[in-house]
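Enquirer: Those sequence lines, one after another, are chains A and B. Counting with the numbering used here, you get residues 1 to 525 for the letters of the first sequence. Counting with the numbering used here, you get residues 526 to 808 for the letters of the second sequence.
Please keep in mind that the hints were generated in silico from the structure rather than gathered at the bench. One should not assume that every hint holds.
Pairwise CB distance ranges, derived in the manner of DEER restraints [what the hints assert, rightly or not]:
| no. | chain 1 | residue 1 | chain 2 | residue 2 | range |
| --- | --- | --- | --- | --- | --- |
| 1 | A | GLY384 | B | GLU771 | 49 to 55 Å |
| 2 | A | ARG487 | B | THR778 | 54 to 60 Å |
| 3 | A | GLN426 | B | THR642 | 58 to 64 Å |
| 4 | A | SER481 | B | PRO605 | 40 to 46 Å |
| 5 | B | LEU737 | A | GLY491 | 38 to 44 Å |
| 6 | A | GLY491 | B | THR642 | 44 to 50 Å |
| 7 | B | GLY628 | A | SER106 | 25 to 31 Å |
| 8 | A | GLN51 | B | GLY733 | 49 to 55 Å |
| 9 | A | PRO383 | B | ARG676 | 56 to 62 Å |
| 10 | A | THR422 | B | ASP640 | 56 to 62 Å |
| 11 | B | PRO605 | A | PRO421 | 45 to 51 Å |
Heads up, simulated DMTMM-like pairs for lysine to aspartate or glutamate below, C-alpha to C-alpha not over 25 Å straight-line [to be verified]:
| no. | chain 1 | residue 1 | chain 2 | residue 2 |
| --- | --- | --- | --- | --- |
| 12 | B | LYS686 | A | GLU192 |
| 13 | A | LYS109 | B | ASP618 |
| 14 | B | LYS686 | A | ASP122 |
| 15 | B | LYS725 | A | ASP463 |
| 16 | A | LYS483 | A | ASP463 |
| 17 | B | LYS686 | A | ASP463 |
| 18 | A | LYS68 | B | ASP752 |
| 19 | B | LYS707 | A | GLU104 |
| 20 | B | LYS767 | A | GLU104 |
| 21 | A | LYS68 | B | ASP618 |
| 22 | B | LYS754 | A | ASP463 |
| 23 | B | LYS725 | B | ASP752 |
We put the CB at the ideal spot given by N, CA and C, even for glycine.
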Amino acid sequence: MALFIVLLASVCLSGQVSYQDLLQPPAANWPTYSGDLTARRFSLLQQITTQNVGRLAARWVYHVNDSKRLSATPLVANGVMYMTDANQVHALDARTGRRIWYFEYSGSKERSGNRGVALLGDKVFVVSSDAHLIALHARTGDLLWDQPYADRKENPKYSATLAPLAIDGKVIVGVSGGDCGIRGYVNAHDAETGRELWRFYTIPGAGEPGSETWGGHPADFSGGATWMTGTYDPQQNLLFWTTGNPGPDFYGGNRPGDNLYSDSVVALDADTGKLRWHFQFTPHDTHDWDAQEFPVLIDADFQGKPRRLLVQANRNGFFYVLDRTDGRMLLGKAFVDKLTWAKGVLPDGRPDLVPNMDPTPEGREVCPGVVGATNWFSPSYHPGSGLFYVMSLEQCDLYKSSARPFNKEDCYDGTSVERLPTDPGQFFLRALDLQTGERKWEIPLEGPDTYLAWPGTMATAGDLVFFGDDAGYLAAADARSGKVLWRFYTGHLITASPMTYQVGDTQYVALAAGTNVFSFALFPR
Amino acid sequence: MNSRKQAQWHRSTMVLLLISGFLFLVPSISAATPEGEREKSAEVKNPYAHDKEAIEAGEQHFQGGCAFCHGTRGEGGRGPFLSESNRVRGLSDENLFNLLRHGIPGTPMPPSSLDDTRMWQLVSFLRSLHFSASQEDVPGDAGSGHALFSRAGCFGCHMLKGRGGLVEPDLSDIGGSRSLEKLREAVAKPSASVVPGFRKILVQTRGGSQLLGVARNHSNYSIQMIDLKGELHLFLREELAKLSYEPGSIMPTADLSQDEFQNLMAFLSRQVLSSEKGEEKNR
């Protein structure tokens, strides 16, 4: 025990998160939203395995006062967990769930959700609802700097919800508000001072390359929000950031063309913010299919060659494998059965469109529905099984649309979507073969909260995939067979993704559910 | 938002909002609508706000019915402290009035039968507890106070606008969040009241090393502390050979002249965080 104390003390003394720790996280830590910079959401921890997961039991629960619904992934570094809700950060003792410090940002009364922090050095980075990037001291929560990064005087529709991404000396953030008439962008800030280093607009300005794909629609309220965390490839020094739908979402009549770079992944030089390449999943989207699902970076043999891949299961219903060195598509295959808007993906990456699938004033039934075949909740990838785990939704909706002028006082959405009474929709946890996109197994979910739950996944070297569901359960399945081996009812709606960490000699699994953070470990020890 | 649109709102827009990356933005959107504006203007305001006589009358009511639990100046006791509570500060006049009127079900906070006039006087008094040091005209030379703050080594323990130590509270907003009275007390008699989360603690590990610092949190089973070097330690109680809570504050009593004290007050009372300022900086 004495030795353990000494070790613990030394951990505390060097309790910083270096850039190297982000590139190759120590297995005990979960230092980014997705666990590392690739968003594979795969942990090397293997104390909890398919053999013993049945003994997993709740170790502690932390309640977040005033919360409505947590959507963050907690981060853990050196025994400290960092959890967020809108405009607040909670630092917890990750072994006990006891609070160490609490920070509340008083500059905004808005209650938009928040998905978590980023860590680098001795700093914790978080965005506020009114799009400030804030740096706190990791040990105390003391405010180090507060940098607004959206001009809300000019356009108060800008907001922010994402977990920032920290890389070498920089913090990268994006903006929300895409359906209310904003122009999306990715911002890079100096991690020491908060100073803005560069900005990349996802909607080109008049005369810039790509602006010809809008038919003259003004960039300032064309959407293309950047509301989820991106990924980073240090070898190429490239950031991969996904973009939201064009506005207005269900009406495309006043924005003829592909509407670049909406519904895309953009590859940006991390030093300059310059666009290296882009891939647009849904050109001229009229169904609100943001591309905000994670652009997962996987290095693997693919089609007979070792490759650097970018993999995404998109809201539009297709599973894409891209070569991330140039954005070329290598595979595009449907991962849901309810898919009516396109027959497939053409070799150049464009959808093979079915005619007459745009929304109409009377309504048109289209699949996937507006939630999408999946959404922002995290997928995961297990390099051992070669399987990509994605929470998939089989659902169609009635999309209604009519022309809508831009009005500065109002949101810029294009009418409405109605649920089909005959189609309540169903979630499935699906394991896709990276090589082919084929379904290797699936777990049908029977819960009642299909339209409200946003449950994500996490894979571990213990050959497990953990996932939330639409009935409030956190469950663990055999990553290779899909057999459910353990479950725990949280009593809450789940709108977040699980993670895992280790303190001392114990592996924990944690999830935010409803207004609480739950942490689990094997029992008895 | 016309009526047709509004009807659709309930059926579908909630879902769209959820999907579109600003989960739970509903309040901000409604605030931007004409309906939201109307709600705002309809809010009931305290007719006796800032009225000196009403504040004095309200204090009488407070002493009669509230001080038993909340302390004579709202410093807390059986009930929560009120004098610097952001939660109380954040309530609108109307919400504060209603809270006093109806009490808080499920807690010892009872409803009140005071008539409306007396109730508003009570609201006026509660608001008066929240006058922060920055709202007062504090004499003294803030520049000299700043120099003294540096010279006396205060930065060793206190963070101020991103610079300083980790042992004692961040002072970046101390002028905006404390009353002048509390600020004076904190410097003149640091041990008179210790800020929650900064209780002085001495521990001895089973390995034999001793650590003095502040307990950011504690329970029967674990301690989360910052030592005097600003290092964070997370202990289970069974990992400790000894633990004791020490009286008073880590902060020493400063031997200051009257001028020095006043200059320090002038400096500290001006330490305010303003998000508005941040907006101005923005391009």
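Enquirer: Against each hint, give a clear statement of whether it holds in the structure.
Expert: For each hint, the structure was consulted:
1. A:GLY384 - B:GLU771: 49 to 55 Å: Distance hint for GLY384 (chain A), GLU771 (chain B) holds at roughly 52 Å.
2. A:ARG487 - B:THR778: 54 to 60 Å: holds (58 Å)
3. A:GLN426 - B:THR642: 58 to 64 Å: holds (60 Å)
4. A:SER481 - B:PRO605: 40 to 46 Å: violated (53 Å)
5. B:LEU737 - A:GLY491: 38 to 44 Å: holds (42 Å)
6. A:GLY491 - B:THR642: 44 to 50 Å: Holds: the Cβ-Cβ distance is about 46 Å, inside 44 to 50 Å.
7. B:GLY628 - A:SER106: 25 to 31 Å: holds (27 Å)
8. A:GLN51 - B:GLY733: 49 to 55 Å: violated (40 Å)
9. A:PRO383 - B:ARG676: 56 to 62 Å: holds (58 Å)
10. A:THR422 - B:ASP640: 56 to 62 Å: Holds - the Cβ-Cβ distance for THR422 (chain A) and ASP640 (chain B), about 58 Å, lies within 56 to 62 Å.
11. B:PRO605 - A:PRO421: 45 to 51 Å: 49 Å Cβ-Cβ, so the 45 to 51 Å window holds.
12. B:LYS686 - A:GLU192: holds (13 Å)
13. A:LYS109 - B:ASP618: At roughly 16 Å apart (the allowed maximum being 25 Å), ASP618 (chain B) and LYS109 (chain A) satisfy the hint.
14. B:LYS686 - A:ASP122: holds (16 Å)
15. B:LYS725 - A:ASP463: violated (46 Å)
16. A:LYS483 - A:ASP463: holds (11 Å)
17. B:LYS686 - A:ASP463: violated (47 Å)
18. A:LYS68 - B:ASP752: violated (35 Å)
19. B:LYS707 - A:GLU104: holds (22 Å)
20. B:LYS767 - A:GLU104: Violated. LYS767 (chain B) to GLU104 (chain A) sits at ~34 Å, over the 25 Å cutoff.
21. A:LYS68 - B:ASP618: holds (24 Å)
22. B:LYS754 - A:ASP463: The hint is violated at about 42 Å.
23. B:LYS725 - B:ASP752: It holds: about 10 Å lies between the C-alpha atoms, which stays within 25 Å.
Hint check: violations occur at hints 4, 8, 15, 17, 18, 20, 22; the rest are consistent with the structure.
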